[in-house]
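Visitor: This is what each chain is made of:
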Amino acid sequence: MIAGLVDAILYYLGAALLLIGGVLDVIAAIGMNRFRNFYLRLHAATVGAIGGGFYPLLGLGMIALTMHGLGETRLYIAGIAFTTALFLALTAPVGSHALAQGAHRGRVVLPEPVVVNKLLEDEEKQGR
Amino acid sequence: MAASALSAAEGEEVARGDAEVSLVPPPGVTEQVLGLAMGLFIVASLLYFIRVVKGPTLPDIVLAVDVLSYDLAVFIVLFSMLCGSPFLAVGALPLVLWAYLLDMYVSKHLARRELGD
Amino acid sequence: MYEILGLSPCTWLLALFMTYALILTYKTLVERDLVKAIIYSAGQAVAYTLALVMLAAPDLVLAYVAVGVGMYTALFLFVAARTERYEHVEPPGEEVNKP
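Chains as they are written, first to last, in our numbering: chain E, 1 to 128; chain H, 1001 to 1117; chain Y, 2001 to 2099.
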């Protein structure tokens, strides 16, 4: 009784996370093509990494836990999905922040719709 | 007599268990849901690939390759679930981690014009 | 299993990812900026990874991701930091300055 209920909850939650993640990924891809600046595209990349990578992996793990037709191998797939989701949530924001910092410090691209840029003033004051 | 009653009770248990397991849709519906999600991720990878090809500056290309690799890691796990084989899914975790290292290499290279320390 | 134009969906996906790899290889060849060419090559490695998954070769996937996305990019960025970033090509007919 309880096992069937837990399976149903896991399945529908996982399917909802998977489909929402797919839609968010398409939205992030459209935004990646329509924003006009690198620092604006970082917003779309955040949606694509967390909404389009973390949520679907969680949902895939939950769906894989309920696929009893696969036998024990469903646990392997669920473990891989959860581990990948954990490491993606740990590493993707760090990576995009490091990329933004490198792009600003290397003067490759500067933020375009900006009123005042204190970081640039500080870096020029320090003589970098 | 008692044994037959026990087996009948067990049969009822099994039947009720089957009726409750059917809260989850049959595998055909799951396959269709996974196929729909796979189509969404393919469309997203196509749009990310357009940004990879025409990205004007270097950080744009790196960011697009990064998000493309996250997208395709999800796609690998999805494909391995559709095939029912867990051995196809082992490529997802290295793809995510090496894409992160690609970010760090390029940011180091952009920040101080050389790799290392 | 349903089919699209007589081929299975796995074959179409393999063709899609190999098309990604082909376009990125062309961009790597014609690019004048060395660092951009290295990043295009990393994208080509990602596309090849997915092609190898479609071919059901996960052991090759592990090796190809590590070498193509990680080691190759690190080594070539290390080399590119010590040389000129842009590739200079003299137009034909111009005199080449010789020391």
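Among the hints, erroneous ones may be present.
If you want the ones that stay clear, here's a sample from chain E, every Cβ over 12 Å from chain H, calculated [said to hold, decoys possible]:
(1) R34
(2) T91
(3) R107
(4) P113
(5) V116
(6) D122
(7) E124
Pairs of lysine-lysine, DSSO-like flavour, derived with a Cα cap of 27 Å [as the list claims (entries may be wrong)]:
(8) H:K1054 x Y:K2036
(9) E:K125 x H:K1054
(10) H:K1054 x Y:K2027
(11) H:K1054 x H:K1108
(12) E:K118 x H:K1108
(13) H:K1108 x Y:K2036
(14) Y:K2027 x H:K1108
Since the hints were made in silico from the structure, they are not lab data.
No residue lacks a Cβ here, since even glycine has one placed at the ideal position from N, Cα and C.
Visitor: Give a verdict on every hint.
Guide: Evaluated hints:
no.: 1; hint: R34; verdict: 10 Å, violated
no.: 2; hint: T91; verdict: 4 Å, violated
no.: 3; hint: R107; verdict: 9 Å, violated
no.: 4; hint: P113; verdict: 17 Å, holds
no.: 5; hint: V116; verdict: 22 Å, holds
no.: 6; hint: D122; verdict: 15 Å, holds
no.: 7; hint: E124; verdict: 15 Å, holds
no.: 8; hint: H:K1054 x Y:K2036; verdict: 12 Å, holds
no.: 9; hint: E:K125 x H:K1054; verdict: 35 Å, violated
no.: 10; hint: H:K1054 x Y:K2027; verdict: 10 Å, holds
no.: 11; hint: H:K1054 x H:K1108; verdict: 23 Å, holds
no.: 12; hint: E:K118 x H:K1108; verdict: 22 Å, holds
no.: 13; hint: H:K1108 x Y:K2036; verdict: 15 Å, holds
no.: 14; hint: Y:K2027 x H:K1108; verdict: 24 Å, holds
Hints 1, 2, 3 and 9 from the list above are not met by this structure, while the remaining hints are.
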